[in-house]
Amino acid sequence: MTTVAPEPGSFRDHRGRVFYVDDRVLRTVMPVAIDDFEFVRSSGLVDDLIADGLLVEESRADEALLGRAGADAALILEHPRIPFVSYPYEWSFAALKAAALLHLELHQRALRKNVTLTDASAYNIQFLGARPLFIDSLSLRKYVDGEFWAGHRQFCEQFINPLLLRSVVGLSHNAWFRGALEGISADELSRVLPWHSRLSWNILTHVFMQSRLQSSSSHSEAAVERARSRKLKKIGFEEILYGLHRWISRLQPKSRDATVWQDYALDNSYVDDEVARKRAFIADFVSGVTPGLLFDIGCNTGDYSVLALESGAGYVVGFDFDTGALDHAFRRAQRDNLNFLSLHMDAANPSPSQGWMQHERRGFGERVQGDAIIALAVVHHLAISKNLPLDQVVDWIISMAPQGVIEFVPKSDPMVQRLLSLREDIFADYDEESFRSIVGTRARIIKSSDVSSGGRTLYWYERS
Amino acid sequence: MAVRIQTRFIAGLLGVVLSSPSYAYLDPGTGSIILQSILAGIAVAMGLLRFYWHRFKEFLANLVGSSPNVQRELGEDFETDADTQNDS
Numbered sequence: 001m002t003t004v005a006p007e008p009g010s011f012r013d014h015r016g017r018v019f020y021v022d023d024r025v026l027r028t029v030m031p032v033a034i035d036d037f038e039f040v041r042s043s044g045l046v047d048d049l050i051a052d053g054l055l056v057e058e059s060r061a062d063e064a065l066l067g068r069a070g071a072d073a074a075l076i077l078e079h080p081r082i083p084f085v086s087y088p089y090e091w092s093f094a095a096l097k098a099a100a101l102l103h104l105e106l107h108q109r110a111l112r113k114n115v116t117l118t119d120a121s122a123y124n125i126q127f128l129g130a131r132p133l134f135i136d137s138l139s140l141r142k143y144v145d146g147e148f149w150a151g152h153r154q155f156c157e158q159f160i161n162p163l164l165l166r167s168v169v170g171l172s173h174n175a176w177f178r179g180a181l182e183g184i185s186a187d188e189l190s191r192v193l194p195w196h197s198r199l200s201w202n203i204l205t206h207v208f209m210q211s212r213l214q215s216s217s218s219h220s221e222a223a224v225e226r227a228r229s230r231k232l233k234k235i236g237f238e239e240i241l242y243g244l245h246r247w248i249s250r251l252q253p254k255s256r257d258a259t260v261w262q263d264y265a266l267d268n269s270y271v272d273d274e275v276a277r278k279r280a281f282i283a284d285f286v287s288g289v290t291p292g293l294l295f296d297i298g299c300n301t302g303d304y305s306v307l308a309l310e311s312g313a314g315y316v317v318g319f320d321f322d323t324g325a326l327d328h329a330f331r332r333a334q335r336d337n338l339n340f341l342s343l344h345m346d347a348a349n350p351s352p353s354q355g356w357m358q359h360e361r362r363g364f365g366e367r368v369q370g371d372a373i374i375a376l377a378v379v380h381h382l383a384i385s386k387n388l389p390l391d392q393v394v395d396w397i398i399s400m401a402p403q404g405v406i407e408f409v410p411k412s413d414p415m416v417q418r419l420l421s422l423r424e425d426i427f428a429d430y431d432e433e434s435f436r437s438i439v440g441t442r443a444r445i446i447k448s449s450d451v452s453s454g455g456r457t458l459y460w461y462e463r464s
Numbered sequence: 001m002a003v004r005i006q007t008r009f010i011a012g013l014l015g016v017v018l019s020s021p022s023y024a025y026l027d028p029g030t031g032s033i034i035l036q037s038i039l040a041g042i043a044v045a046m047g048l049l050r051f052y053w054h055r056f057k058e059f060l061a062n063l064v065g066s067s068p069n070v071q072r073e074l075g076e077d078f079e080t081d082a083d084t085q086n087d088s
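Residue numbers (the working numbering), protein chains in the order written: chain A, 1 to 464; chain B, 1 to 88.
Simulated from the structure, these hints should not be mistaken for lab results. Be aware that one or more of the hints could be misleading.
Listed next, with one range per pair, are the computed distances between beta-carbon atoms [to be verified]:
1. A:Gly292 <-> B:Ala45: 51 to 57 Å
2. B:Lys57 <-> A:Glu38: 40 to 46 Å
3. A:Gly312 <-> B:Ala45: 52 to 58 Å
4. B:Ile38 <-> A:Gly170: 47 to 53 Å
5. A:Gly312 <-> B:Met46: 37 to 43 Å
6. B:Val64 <-> A:Asp52: 34 to 40 Å
7. B:Trp53 <-> A:Ala74: 18 to 24 Å
8. A:Asp336 <-> B:Ala61: 36 to 42 Å
9. B:Arg55 <-> A:Asp145: 25 to 31 Å
10. B:Leu63 <-> A:Glu38: 47 to 53 Å
Which stretches of chain A does chain B cover? Using the computed rule of at least three CB atoms under 8 Å from a CB of chain B, they are [stated by the list, open to error]:
11. 76-88
12. 201-214
13. 239-250
Just so it is clear, CB atoms sit at the ideal spot from N, CA and C, and this is done for glycine as well.
Isolated chain A (complex conformation) (with noise of 0.2 Å):
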């Protein structure tokens, strides 16, 4: 039985929308937007920028695939499905900076072919490891001569201030995004950026300025008229966002010093033997396994990503909650082209499902379902530094994927008592017997293996 469900996400666009039939990604396109569809496609815009990979393929798709959903649309796009589908509040510094070129690179080209964009989001880009995609074909349209950046504010508002923040501040974006998930405003931004800051051109005029016109405009009937008749030569369009381009291409984080888990691979309590030894069971885990799409909860910069991609996992995405780690994870992934994406992720409290009608981001748990998955040196922070309940921690793990490996660290690891040197041992149930028994009952053990001299332990299960 085919089912036809649309993109919760995909609502709010007259031209077109997306939808689920069963694994196939379809969109449909209004016949409100079919000149604007036929104008850009005869440009040959579309096609160099799949060609490049700026954009996602499509093709034609028959039309009788959406039944009623489709009854009132002039055709019918397929495009292929994204592994994994993620949130500019779940990227890292790198990853929103690469979005936020591609999307004004996407622009400049399009503007060559009289082509311009309906819109800025960041909603509107995915990731393929590294790389950054543009998924909604339908924003191109025909640009006409005279008129501004639509998008301006937006682009504002989900790229350049959240990676101001980061840039100027030292603050990450994500805990901002994920509770404002149109992005921060110019207004919000100034009132936490330091008054030095407008020693910058870009930030004076982007953020400042565009804030304070903003507010003495806005109540004004006449700038709002005078707004309205205003016309943007088309070169000093093309001059602001080969403007943005170069400022943001030159954007870093702050403070560049080590995070806590960025030294983690070096400053941890394994010897080289060990580490061997773990990467020896990891390998052969997926060696086995062959998973299509695997995850790395607590992937920290991604040695076992990689590992994992190179023991032939066919897609893996990685989760962690340090930033400077998963900047290091993503460009690794960049500068190897590698089918790798990092996430922002904290395990005790993943993404929910939000926004309108609470379903038009979804959460974390609606999008994790994989053929496998690693959990490495994550069981001990969370049952002990996050008090959580050590059957709830195994239980989520195996939830994601039938198949995967997770470490126990005992009590007796020098990395367990530095967690609990400043506080009560409340952890009488915390034990390798009690792991074993409780993920026994929940799946088999196909294998375990300790890795280390102070008794750390990897569990191969297969769930049931």
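Fit chain B to the given chain A structure using the hints.
Here is chain B on its own, set in the frame of chain A:
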């Protein structure tokens, strides 16, 4: 070619604030529109400076015998082909 680019810049610089309605799928905000009119003029002026700076560097390079390609250094954002139909 250079004359054409120059004309294009000057026309752009002078014509930054003109009158014609635009349409948009989302509310661009009055602050953004006013800012864009201001920025466009300055950005075009800076582009013009950049253009002459590269011309100047080319002139110096020619004096010492090498001849860098101005178009390559400027990048594709400064097109010198016939893609000017909307800038008249």
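Going through the hints against the structure:
Separation of Gly292 (chain A) from Ala45 (chain B) is about 53 Å and conforms to the stated range, judged on CB atoms against 51 to 57 Å. Look at Lys57 (chain B) against Glu38 (chain A): about 44 Å separates their beta carbons, and that is inside 40 to 46 Å. A hinted range of 52 to 58 Å for the beta carbons of Gly312 (chain A) and Ala45 (chain B) is consistent with their spacing of about 56 Å. Taking the beta carbon of each, Ile38 (chain B) and Gly170 (chain A) are about 30 Å apart, not inside 47 to 53 Å as hinted.
Look at Gly312 (chain A) against Met46 (chain B): about 51 Å separates their beta carbons, and that is not inside 37 to 43 Å. Between Val64 (chain B) and Asp52 (chain A) the Cβ separation comes to about 37 Å, which falls inside the hinted range of 34 to 40 Å. In this structure, Trp53 (chain B) and Ala74 (chain A) break the distance hint of 18 to 24 Å, their C-beta atoms being roughly 49 Å apart. Between Asp336 (chain A) and Ala61 (chain B) the beta carbons are some 37 Å apart, a value that agrees with the proposed interval 36 to 42 Å.
In this structure the supplied range 25 to 31 Å holds for Arg55 (chain B) paired with Asp145 (chain A), their Cβ-Cβ distance being about 29 Å. Restraint check, Leu63 (chain B) to Glu38 (chain A): a C-beta distance of roughly 52 Å satisfies the suggested window 47 to 53 Å. With 0 residues having a beta carbon nearer than 8 Å to a beta carbon of chain B, the segment 76-88 of chain A misses the requirement of three or more and the stated coverage is violated. Under the rule that three or more residues need a Cβ within less than 8 Å of chain B, the assignment of the segment 201-214 of chain A holds, with 8 such residues.
Given as covered by chain B, the segment 239-250 of chain A passes the check, having 4 residues with a CB less than 8 Å from a CB of that chain where 3 are the minimum.
Checked against the numbered hints given earlier, the structure breaks hints 4, 5, 7 and 11 and satisfies all the rest.
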